[in-house]
Amino acid sequence: DIVMTQSPDSLAVSLGERATINCKSSQSVLYSSNNKNYLAWYQQKPGQPPKLLINWASTRESVVPDRFVGSGSGTEFTLTISSLQAEDVALYYCQQYYGTPYTFGQGTKLEIK
Amino acid sequence: EVQLVESGGGLVQPGGSLRLSCAASGFTFSRYWMNWVRQAPGKGPVWVSRINSDGSDITYADSVRGRFTISRDNAKNTLYLQMNSLRAEDTAVYYCARWPDHVGGAEYFQHWGQGTLVTVSS
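As you go down the protein sequences, you meet chains A and B in turn.
Numbered according to the numbering used here, the first sequence terminates at residue 113, and the numbering increases by one at each position without gaps.
Numbered according to the numbering used here, the second sequence terminates at residue 122, and the numbering increases by one at each position without gaps.
I should point out that these hints are in silico values taken from the structure, not numbers from a laboratory.
Beta carbons: idealized from backbone N, C-alpha and C, even for Gly.
Certain hints may be false.
[Unchecked claim] Facing chain A, according to a computed beta carbon distance under 10 Å, are these residues of chain B, among others: (1) Trp47; (2) Ala88; (3) Ala97; (4) Gln114.
[Unchecked claim] Stretch by stretch, here's where chain B covers chain A in the computed footprint (C-beta under 8 Å, at least three residues): (5) 36-50; (6) 92-104.
[To be verified] Here are the simulated DSBU-like pairs of lysine-lysine, each with C-alpha atoms no more than 30 Å apart in a straight line: (7) Lys36/A with Lys51/A; (8) Lys113/A with Lys43/B; (9) Lys45/A with Lys109/A; (10) Lys24/A with Lys43/B; (11) Lys36/A with Lys76/B; (12) Lys76/B with Lys24/A; (13) Lys36/A with Lys24/A; (14) Lys113/A with Lys36/A; (15) Lys45/A with Lys43/B; (16) Lys76/B with Lys109/A; (17) Lys24/A with Lys109/A; (18) Lys113/A with Lys76/B.
Generate the whole structure from the sequences, applying the supplied hints.
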């Protein structure tokens, strides 16, 4: 199984400042035949299901604000929130879909400082 | 609009059984692979199982293989998860989830239901 490890486990950032969440996979999730990284990011608020933010490591869903940016390739990925808003307080998860079992990171809790 | 509505959760004793349902609407259910994903309290999501459009291709996580059975009724637009020999560690919110496309490849979860809570306890 591909193990996804996020860092940090929790993060406190001031409003308007940058938040950076890291995700590392135990093996590459870059599929060489199409040069795509099989990596997604989700946001989850209390009592709600996860919400898809980014797929293919860097493609933002249409309804997601452009302050959310995904980057990275191979085994190391980053979710950056460029200017933290109050509504961004949530848990964030990365997920690989390179193969089954699909696996998620343990989560990063983002709070306001 | 894609809608997924889970039901069937509840309190069950260890060793017991439960069947979850996921009613789908807003899309052509019979064309899409479907998944079950669970999330234990305070933990990250864990993928449980997937089934292809006609039920002929099924995959399970190791933790549930041999105890859980995924199935679907395309005439009723409903996905099921039969859970047997339940253990305390199966306690979780169970979500049904769908990929964005009806073919494989983009196997991330674009659509989620609200989930149904399964509690395994004596």
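Here is what the structure says about each hint:
{"no.": "1", "hint": "Trp47", "result": "holds (4 Å)"}
{"no.": "2", "hint": "Ala88", "result": "violated (20 Å)"}
{"no.": "3", "hint": "Ala97", "result": "holds (8 Å)"}
{"no.": "4", "hint": "Gln114", "result": "holds (6 Å)"}
{"no.": "5", "hint": "36-50", "result": "holds (count 6)"}
{"no.": "6", "hint": "92-104", "result": "holds (count 8)"}
{"no.": "7", "hint": "Lys36/A with Lys51/A", "result": "holds (21 Å)"}
{"no.": "8", "hint": "Lys113/A with Lys43/B", "result": "holds (23 Å)"}
{"no.": "9", "hint": "Lys45/A with Lys109/A", "result": "holds (10 Å)"}
{"no.": "10", "hint": "Lys24/A with Lys43/B", "result": "holds (18 Å)"}
{"no.": "11", "hint": "Lys36/A with Lys76/B", "result": "violated (36 Å)"}
{"no.": "12", "hint": "Lys76/B with Lys24/A", "result": "violated (41 Å)"}
{"no.": "13", "hint": "Lys36/A with Lys24/A", "result": "holds (16 Å)"}
{"no.": "14", "hint": "Lys113/A with Lys36/A", "result": "violated (35 Å)"}
{"no.": "15", "hint": "Lys45/A with Lys43/B", "result": "holds (13 Å)"}
{"no.": "16", "hint": "Lys76/B with Lys109/A", "result": "violated (39 Å)"}
{"no.": "17", "hint": "Lys24/A with Lys109/A", "result": "holds (17 Å)"}
{"no.": "18", "hint": "Lys113/A with Lys76/B", "result": "violated (49 Å)"}
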